[in-house]
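S.K.: Here is what each chain is made of, one letter per residue.
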Amino acid sequence: MVLTHLLGPKRKTTDKLQTFASGIETHGDARHPMAIKYFLTAILFVLFDVEVIFFYPYAVNFKGLGWEGFFAVLLFVAFFLCGFIYIIKKGALKWED
Amino acid sequence: MNYSQYIALIPLLPLAGFIVLGLFGKKYFKQSAGIIATLLLLVSTALSIYTAYNYFFIDGKIDGVYHSVIPLKYKWLSFSENLSIDMGILLDPIAVMMLVVVTFISLMVHVFSLWYMKGEERFSTYYAFLGLFTFSMLGLVISVNIFQIYIFWELVGVSSYLLIGFYYDKPSAVAASKKAFIVTRFADLAFLIGILILGLQGQTLDFGVLIQRLTDIQSPQFISITSASFIGFSVMTWALTLVFIGGAGKSAMFPLHIWLPDAMEGPTPVSALIHAATMVVAGVYLVARLFPVFYINHVSLQLVAYVGAFSSIFAAIIACTQTDIKRVLAYSTMSQIGYMLFALGVSGIGDEHELGYTASMFHLFTHAFFKSLLFLGAGAVIHFVHSNEMKDMGGLRKLLPITHIVFLIACLAIAGIPPFAGFFSKEEILLAAYNSNKFIYGIALFTSGLTAFYMFRLYFLVFWSKTSSAHAHHREGNAAMKTPLVILAACSILSGLVSFGKYVSADGKEIESHFHLVFSIAPVLLAVTGICIAVGLYKNESGKPQRVASFFGVLYKSAYRKFYIDEVYLFVTKKIIFNLIGRPAAWIDKNIVDGLINGIAGITADISSAIKGIQSGKVQGYALYFFGGVLTLAIIFIYLWK
Amino acid sequence: MNALLLSALWGVVMMFSSFLVKEKSAIRNMAVAGLVLLLLVNILEMNGKVFFDINTRGMIYFDRFSLLFNSIAFISTFIYFILSAKDMEKVGDNYAEYFALIFFILCGITLVTSFKSLLILFLGIEIISIPLYILTGSDKRNLKSNEAALKYFLMGSFSTGLMLMGIALIYGAKGTFMTFVPPATVKEAAQATPASALLIAGMILLLFSMSFKVSAAPFHFWTPDVYDGAPSVFTSFMATIVKAAVFASFIRLFNDAFGAEKSQWQLLVAIITAATLFIGNITAVFQQSVKRMLAYSSISQAGFMLFALYAMNGDGKEGLILYATAYSLATIGVFAVLIKLKDFSFEGFNGLSKNQPILAATTTIFLLSLAGIPLTAGFLSKFYMLKAAMETGQNLWLVIFAVLMAAVSVYYYFRVIQAMYFKDGDVSPDLTVSPAFKTILVFLAVLVILLGIFPGLLLNWYYF
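Keeping their order, the protein sequence lines are chains V, A and R. In short: position in the first sequence from 1, add 611, done, that's the numbering used here. In short: position in the second sequence from 1, add 462, done, that's the numbering used here. In short: position in the third sequence from 1, add 4, done, that's the numbering used here.
Please note that a few of the clues may not be correct.
Partial list, computed: chain A residues near chain R (C-beta under 10 Å) [said to hold, decoys possible]:
| id | residue |
| --- | --- |
| 1 | P533 |
| 2 | L534 |
| 3 | K535 |
| 4 | E582 |
| 5 | I613 |
| 6 | A635 |
| 7 | V636 |
| 8 | S639 |
| 9 | F643 |
| 10 | I644 |
| 11 | F772 |
| 12 | I879 |
| 13 | A1085 |
| 14 | F1089 |
Simulated from the structure, these hints should not be mistaken for laboratory data. Beta carbons are placed, not taken as given, at the ideal position from N, Cα and C, and that holds for glycine.
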């Protein structure tokens, strides 16, 4: 593999060196400064989205876990509700400055 | 027998002095600090003399043998049922003797300092440090176990660091104190490892039990420590050698002596204390303390003997060439300590053979007096001419009459001229060496001649030589200076007459001092020859010394440069260790770690892209190291997998 | 269990206090009060009073070791709060949140000292790590701080990946997450089955990732940068309390889960220990900044704490308790003084003894303890460690090497002492220190010496 790499002919053209984007022309540099609020919103969305995933296993085992399980999930929801309130209070989701 | 009531006070009084003066000295006792510390030590000295009187003459002796007594002991740390560390007081002949010597010399130094250090800005601090130093040494002397001795051993190191670096505005003093501390600290580490081995193998740290177990050939501990071996020597040899390295570091034996001459940067009375009674004799004391164990182990005892003998002649040769009055004295100390050590090294246990042990302790005893006298005298001289260099002195005998007389006495004592103290102790050492090892005897004989020569070289250069120069406006000093000198001079004359063998011996039994007049002829003749040569060369100023020096050529030059030992150390540490190990480590740090961070800080334009570029490269580098580490260790592990 | 729940709750409370309480001193007092409460409930639990009884299915188990360790962590944090909480104000605006994060870290600490299941270990390590990433980057306007946080986060993620991989492999080999499964029958206990390759591979991965967390060589690269880049107040916290707690979990993990395979990993740990000691000490000698020197010194001290892992005996555990305490207290003290100074280089300490004699004297005691000079806690703890290693009877070279390295360490600690006492300089003339700060420093110094003379004060708690 090393040999072929060394021996093989190399043709560098501008087309070849371009970022591959499924054949579509690229628009500028991806490392482009963006307002932090986009990231913040996106990351918070991911966070709560992931937390919701925990409901699936709970839903499947709903009967088996009984009341104890219910309270556990209630606690869980309460905890991340706390987080949600904190975010809102902190103004992380405020779009207008 | 009711020792415990007051013996604890002997070390605690100086400690109290340290605490009180250290905390409040600057505010409340600016003037009276010296008096307070001296009075406290006076009480300590009185108590230790009383203890010695009690021990030696009243109740120490049972059936003609001096036993060791433990008046005070309490359990400090217990590791397991049979291994614990105690703190306490152990009294046996050498401990009692050392108590007297340490307190007495320290008292003399305290009194002398009242005059010498007068008007110093940090007068009270100085006395506080002296108190700490005395306390540590006293604690070391009366330790009941090897761990306690180690703790006080380190304290001695720390307090000497403080005292040597007392003139902290002098860079050379700071460098010297650091050197003393680091060199002795390296030696102490060997000591610590030795202690750990002895403690684990002997299952105890207590001196009495340890000695008993390790000298009994039948005991399981003895069998286990001698049967295991490491690179050809038994574990016992290793342990004792390591302990001896610790002792050699403190006692400034070759090749760990490099700190001693530099330690002269401290105030001169401190040098007197370090050289005469504390610190340097700690190594001798340690070997004496464990002597029965050393005796069982032939190899390590031989090591002690040869290191001692070599150091004594090595230092004597260097001393002949030095021009700084305190350095000459420092090398003479090293030489005399060498004497004490090889005396231990050639000694045995039992009636006839244990002369070396007694002689060594005897020499320690007499040496304390005349060496402190020499240093205090040198202090007086230095105070008078404001210089350490002998070329600035000369012809002082008229100006400093008392100093002159006591200095002469001390020189005669150290040269071994009868009937001064040094003669008796040296004679016994030579006899012990003659009986067991002719080679060492030869070295010792030659060294004693050299000693006489260089001491009288010093004496004549300082007090005769040139005709007196213009220092006449100074006066010699007050009673605080003269009293200790006169007392010590008296001790230097008389202490040799004590029949030491009666009180101190390896097994506690009395031994006879043999005196062969015929035997003494050779050393005394040699000493007189040495003095005569010194008279010829140095009594009057002349060109002769230069001619002699050029006659010896290379030898003189290398001795003058102290045989380049310092340079060798510098070469090893600076060139080899720093370059081979330190530099690459520093290089990695500087170029890879620091350089990138500094680089980032420096870039102002287009910061964000700069960080992106540098940082990603860097973290990748780290990740590479990380996985490199994982891989290497994994390979090592697979290799090790049983 | 008490402390676990309370620390999490108090973290949430601190989080919300930023909206409700505006006074900074009130926030600080709240945090200190919470900590006292935490300590109190933990000590009550040591005396057998458990307030919450939650069935964790054996995944968490509080024993003497973990409770004592928690107490030590809380006490150290308490002292740390009193000494340095005021200095956190300078870092940024989110004062209450810093405390909240510290409480979450404490929650993680209670988890890692008491886990019985690898999952809990993982959870605890992550609960410790994530707030630490944030704290490292909390000085938002400082490039060094940002860089350090990112670096820490990336490297930390690598090690977390390794840890998860290791846990997965062990699960594959054992079929359980439990660290220790008592053999079902006597017969099974009698016949020791040789460890499978899967288990060993998992163990090695866990060893590596834990070594990373305690910054043992060769996984230490992040440490100097992160410790140097993070705001000094938080460096103090993560170099001491966090590191000590991770060590406790390290010991616990290898004692419970891999005690039987000791002969396999012992030599490897010895190699890691030697490498850590070597790199930490030798590199520390060349530092120009005290803060960076302390970072390397923390690596070298970690090397000594690894002795407890290497020896894995009673003395080693006692030694670790003592060592962690001695090291945390002394380092917190040195950092508290360092934060007050403007210049973090050695020259910054010049002449401190003239302007601030008490600060200089206490710092000297802390440094002496770190260097392992007798009559300080540092000496005895080093002694315990060496003794524990000697008892294993193998690899004497490691002990000798460690003692040698301890000698090297004297050099760089003494440079600071030398700067304070023997060099002339004008150290921040406007430096003002409150009497309370001095009192606490003196108290801390006394504690360091007291532990150096009577280690029983601490170690007796381990047994009774």
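S.K.: If a hint holds in the structure, say so; if it does not, say that too.
M.R.: Hint check:
Taken as an interface hint, P533 of chain A does not check out: its beta carbon lies about 21 Å from the nearest beta carbon of chain R, beyond 10 Å. For L534 of chain A, the interface hint is violated, since its Cβ never comes within 10 Å of a Cβ in chain R; the closest pair sits about 17 Å apart. Here the hint on K535 of chain A is broken, as its CB sits about 16 Å from the closest CB of chain R, past 10 Å. Interface hint at E582 of chain A: violated, since its Cβ lies 17 Å from the closest Cβ of chain R, which is beyond the 10 Å cut-off.
Because the beta carbon of I613 of chain A sits about 4 Å from the nearest beta carbon in chain R, less than 10 Å, this interface hint is met. The beta carbon of A635 of chain A is positioned within 10 Å of a beta carbon in chain R (closest approach about 9 Å), and the interface hint is therefore held. Because the beta carbon of V636 of chain A sits about 5 Å from the nearest beta carbon in chain R, less than 10 Å, this interface hint is met. The restraint placing S639 of chain A at the interface with chain R holds, with a minimum CB-CB distance near 8 Å, inside the 10 Å limit.
Interface restraint check for F643 of chain A: the shortest CB-CB distance to chain R comes to about 8 Å, inside 10 Å, so the restraint holds. Of the supplied interface hints, the one on I644 of chain A holds, with its beta-carbon coming within about 7 Å of a beta-carbon of chain R, less than 10 Å. Look at F772 of chain A: its Cβ only gets to about 25 Å from chain R, farther than 10 Å, so that hint breaks. The beta carbon of I879 of chain A comes no nearer than 43 Å to any beta carbon in chain R, farther than 10 Å, and the hint placing it at the interface is violated.
Because the smallest distance between the Cβ of A1085 of chain A and any Cβ of chain R comes to about 6 Å, under 10 Å, the interface hint for this residue holds. The interface hint given for F1089 of chain A holds, since its Cβ lies 8 Å from the closest Cβ of chain R, which is under the 10 Å cut-off.
The structure fails to meet hints 1, 2, 3, 4, 11, 12 from the earlier list, while all remaining hints are met.
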